[in-house]
Amino acid sequence: TNLQNNVPNGCGLFCYHTIQLLSNAGQNDPATTLREFAENFLTLSVEEQTLFNTQTRRQIYEYSLQ
4 TNLQNNVPNG CGLFCYHTIQ LLSNAGQNDP ATTLREFAEN FLTLSVEEQT LFNTQTRRQI
64 YEYSLQ
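Going by the working numbering, the first residue of the sequence shown is number 4, and it counts up by one from there.
The reader is advised that the hints may include incorrect statements.
Label pairs and their in silico Cβ distance ranges [unchecked claim]:
id	residue 1	residue 2	range
1	A34	N5	15 to 25 Å
2	T57	T4	12 to 22 Å
3	Q30	N8	24 to 34 Å
4	L68	L45	29 to 39 Å
5	L68	R38	30 to 40 Å
Since the hints were made in silico from the structure, they are not lab data. For clarity, every value in this text was computed on a predicted model and none was experimentally measured. For each residue, glycine too, the CB sits at the ideal point set by N, CA and C.
The whole structure should be built from the sequences, with the hints applied where relevant.
Next up, the structure:
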């Protein structure tokens, strides 16, 4: 299944979010961290995936203004 079905052109958003996850993962296996994120993301409703899209884009934009 494609993570971007409800997050069009979201590759940068996923990279940004997963880099944050990996930086907070400590000694956890990076592959496991990424796999769990993908599996959990795909269980979200369409609305939640769309909200991820909007909120992450806003967050990146806010950081770019600082």
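For each hint, the structure was consulted:
Our hint of 15 to 25 Å for A34 and N5 holds, since their Cβ atoms are close to 19 Å apart. In this structure, T57 and T4 meet the distance hint of 12 to 22 Å, their C-beta atoms being roughly 21 Å apart. Between Q30 and N8 the beta carbons are some 33 Å apart, a value that agrees with the proposed interval 24 to 34 Å. Evaluation of the 29 to 39 Å hint for L68 and L45 yields a pass: the beta carbon distance comes to about 32 Å.
Range check, L68 to R38: Cβ separation about 33 Å, and the 30 to 40 Å hint holds.
Checked against the numbered hints given earlier, this structure breaks none of them.
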